[in-house]
Amino acid sequence: MKRNLMVLLTIMAAFTLVLAGCGSKDNTSSGEGDSKKVYKVGTEATFAPIVSLDDKGNIVGIDVDVLQAIADEMDFEVKWESIGWEPVFQTIKNGETDIGGAGITITDERKETFDFTEPYYESQLLIVVKEDSKIQSLDELKDKKISVQINATGHMAAKKLQGESSPNIFAFENQPIAIQEMLNGNVEAAIGDNSVVYEYIKAHPNDKIKVIKDDSFEKEYYGFMVQKGNKELLDKLNEGLKKIKENGKLKEITGSDF
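Start counting the sequence shown at 1; every next residue gets the next number (the numbering used here).
Worth double-checking, as some hints may not be accurate.
With beta-carbon atoms standing in for the labels, derived distance ranges [as the list claims (entries may be wrong)]: (1) Asp-139 to Glu-246: 32 to 38 Å; (2) Glu-232 to Asn-186: 41 to 47 Å; (3) Gln-136 to Lys-56: 40 to 46 Å; (4) Glu-112 to Glu-77: 27 to 33 Å; (5) Pro-205 to Ser-35: 43 to 49 Å.
Listed next, the in silico DSSO-like pairs over lysine-lysine satisfying Cα-Cα at most 27 Å (straight line) [to be verified]: (6) Lys-130 to Lys-219; (7) Lys-245 to Lys-231; (8) Lys-37 to Lys-213; (9) Lys-142 to Lys-219; (10) Lys-231 to Lys-36; (11) Lys-202 to Lys-145; (12) Lys-160 to Lys-93; (13) Lys-36 to Lys-249; (14) Lys-79 to Lys-111; (15) Lys-243 to Lys-40; (16) Lys-242 to Lys-210; (17) Lys-210 to Lys-79; (18) Lys-210 to Lys-159; (19) Lys-40 to Lys-130; (20) Lys-93 to Lys-228; (21) Lys-79 to Lys-130; (22) Lys-231 to Lys-145; (23) Lys-202 to Lys-213; (24) Lys-145 to Lys-228; (25) Lys-243 to Lys-231; (26) Lys-208 to Lys-130; (27) Lys-37 to Lys-245; (28) Lys-242 to Lys-219; (29) Lys-79 to Lys-213; (30) Lys-243 to Lys-219; (31) Lys-213 to Lys-160; (32) Lys-111 to Lys-144; (33) Lys-245 to Lys-40; (34) Lys-219 to Lys-249; (35) Lys-93 to Lys-134; (36) Lys-111 to Lys-243; (37) Lys-134 to Lys-210; (38) Lys-231 to Lys-242; (39) Lys-37 to Lys-249.
Hints were generated in silico from the structure; no laboratory data involved. Idealized CB from N, CA, C, for every residue including glycine.
Can you build the whole structure from these sequences, using the hints too?
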């Protein structure tokens with residue numbers, strides 16, 4: 001009887017080990033270890049050609065292609081969400097999204113609150129006026145009504161020119177609306193990023209628009225934005241960005257030697 005009991009216990013112990021081994025195998029095959037990390041990306045998809053919606057509602061553009069190339073190099077996935085310009089910053093701050101990708105210019109002021117990758121795109125502000133406007137420079141806008149995208153660098157430039165609380169600065173959710181306000185006669189000029197301005201003109205060839213370049217606008221550089229202190233993600237993005245610079249993929253996407 002004792003012998004039979006010992007045999008039964010031995011068999012049960014062996015069976016338990018087999019089950020444990022099977023359970024471990026199942027966890028490995030379906031667990032997080034075999035899955036790519038997915039990062040949420042917040043954007044404002046009215047910023048063509050940097051980021052916009054195509055005819056099917058897909059988020060497309062230079063930012064999308066650059067970040068996807070980085071993700072391919074570093075073996076992670078991205079999930080884009082168009083949430084609006086202001087929420088891009090807020091959701092990164094509170095951890096609802098992981099990456100901000102919306103043609104975000106790297107500035108000293110923003111770096112106090114967020115961390116940025118190395119730059120991947122060069123841009124510059126332009127003044128947009130009606131074709132028959134007499135305005136020729138930024139200085140001439142000191143007492144004029146100006147439309148801008150809220151809290152974008154065009155907005156910062158307007159406040160630098162006229163003062164933080166100027167009643168002549170009208171800030172809107174996106175750049176196309178700011179340009180439309182100028183065309184509607186509600187303001188005398190709009191200020192915005194060159195890539196977006198030229199893309200708007202290409203999409204609206206019948207709009208009678210004149211573009212003014214002003215040397216007082218410094219060159220700007222876009223970077224992907226992450227929560228302050230998220231070094232792990234920042235390092236991953238920078239490593240991937242370095243790789244696509246070296247292999248030529250970044251130039252292929254942006255068309256620039258930058």
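Status of each hint after checking the structure:
1. The beta-carbon spacing between Asp-139 and Glu-246, approximately 42 Å, falls outside the hinted interval of 32 to 38 Å.
2. Checking the proposed 41 to 47 Å range against Glu-232 and Asn-186 shows it holds: the Cβ atoms sit about 46 Å from each other.
3. In this structure the hint that Gln-136 and Lys-56 lie 40 to 46 Å apart at CB holds, the actual value being about 42 Å.
4. Between Glu-112 and Glu-77, the C-beta spacing of about 30 Å keeps the proposed range 27 to 33 Å intact.
5. For the hinted restraint 43 to 49 Å between Pro-205 and Ser-35, the CB-CB distance of approximately 47 Å keeps it satisfied.
6. The straight-line distance between the Cα atoms of Lys-130 and Lys-219 is roughly 24 Å, inside the 27 Å bound, and the hint therefore holds.
7. With a C-alpha separation of about 21 Å, the suggested pair Lys-245 and Lys-231 falls inside the 27 Å cut-off, and the hint holds.
8. Pair hint Lys-37 plus Lys-213 does not hold up; C-alpha atoms about 43 Å apart against a cutoff of 27 Å.
9. At most 27 Å may separate the alpha-carbon atoms for a hinted pair to count; Lys-142 and Lys-219 meet this at roughly 21 Å.
10. Of the supplied pair hints, the one linking Lys-231 and Lys-36 holds, its CA atoms being roughly 19 Å apart against a limit of 27 Å.
11. Among the hinted pairs, Lys-202 with Lys-145 is consistent with the structure: their alpha-carbon atoms are about 25 Å apart, no more than 27 Å.
12. For the proposed pair Lys-160 and Lys-93, the alpha carbon gap of about 26 Å is at most 27 Å, so the pair holds.
13. The suggested pairing of Lys-36 with Lys-249 holds, with an alpha-carbon distance near 22 Å, which does not exceed 27 Å.
14. With a C-alpha separation of about 24 Å, the suggested pairing of Lys-79 with Lys-111 holds against the 27 Å cut-off.
15. Among the hinted pairs, Lys-243 with Lys-40 is consistent with the structure: their alpha-carbon atoms are about 22 Å apart, no more than 27 Å.
16. Only pairs whose Cα atoms come within 27 Å are accepted, and Lys-242 paired with Lys-210 is rejected, the gap being roughly 37 Å.
17. As the CA atoms of Lys-210 and Lys-79 are separated by approximately 37 Å, the hinted pair breaks the 27 Å bound.
18. With a CA separation close to 22 Å, the supplied pair Lys-210 and Lys-159 stays within the 27 Å bound.
19. At roughly 39 Å between alpha-carbon atoms, Lys-40 and Lys-130 are farther apart than 27 Å, so this suggested pair is violated.
20. For the proposed pair Lys-93 and Lys-228, the alpha carbon gap of about 8 Å is at most 27 Å, so the pair holds.
21. Note on Lys-79 and Lys-130: the hinted pairing is violated, with a Cα-Cα distance of about 39 Å set against a maximum of 27 Å.
22. For the hint pairing Lys-231 with Lys-145, the CA-to-CA distance comes to about 42 Å; that exceeds 27 Å, so the pair is violated.
23. Taking the CA atoms of Lys-202 and Lys-213, the gap is near 18 Å; set against the 27 Å cutoff, the hint holds.
24. Distance hint between Lys-145 and Lys-228 is unfulfilled; the C-alpha atoms sit about 35 Å from each other, more than 27 Å.
25. With a C-alpha separation of about 18 Å, the suggested pair Lys-243 and Lys-231 falls inside the 27 Å cut-off, and the hint holds.
26. In summary, the hint linking Lys-208 to Lys-130 is supported, as the alpha carbons are separated by about 6 Å, within the 27 Å threshold.
27. Pair hint Lys-37 plus Lys-245 holds up; C-alpha atoms about 23 Å apart against a cutoff of 27 Å.
28. This hinted pair checks out: Lys-242 and Lys-219 have alpha carbons roughly 21 Å apart, not beyond 27 Å.
29. Using a Cα cut-off of 27 Å, the hinted pair Lys-79 and Lys-213 is violated, with the two alpha carbons roughly 36 Å apart.
30. Note on Lys-243 and Lys-219: the hinted pairing holds, with a Cα-Cα distance of about 24 Å set against a maximum of 27 Å.
31. With a C-alpha separation of about 17 Å, the suggested pair Lys-213 and Lys-160 falls inside the 27 Å cut-off, and the hint holds.
32. In summary, the hint linking Lys-111 to Lys-144 is not supported, as the alpha carbons are separated by about 31 Å, beyond the 27 Å threshold.
33. A threshold of 27 Å between alpha carbons decides the hint, and for Lys-245 with Lys-40 the separation of about 23 Å falls inside it, so the pair holds.
34. A threshold of 27 Å between alpha carbons decides the hint, and for Lys-219 with Lys-249 the separation of about 23 Å falls inside it, so the pair holds.
35. For the proposed pair Lys-93 and Lys-134, the alpha carbon gap of about 43 Å is over 27 Å, so the pair is violated.
36. Restraint check: the Cα-Cα separation between Lys-111 and Lys-243 comes to about 24 Å, which is no more than 27 Å; the hinted pair holds.
37. Among the hinted pairs, Lys-134 with Lys-210 is consistent with the structure: their alpha-carbon atoms are about 10 Å apart, no more than 27 Å.
38. At most 27 Å may separate the alpha-carbon atoms for a hinted pair to count; Lys-231 and Lys-242 meet this at roughly 16 Å.
39. Restraint check for Lys-37 and Lys-249: the C-alpha separation of about 22 Å stays at or below 27 Å, so the hint holds.
In this structure, the hints that do not hold are numbers 1, 8, 16, 17, 19, 21, 22, 24, 29, 32, 35, in rising order.
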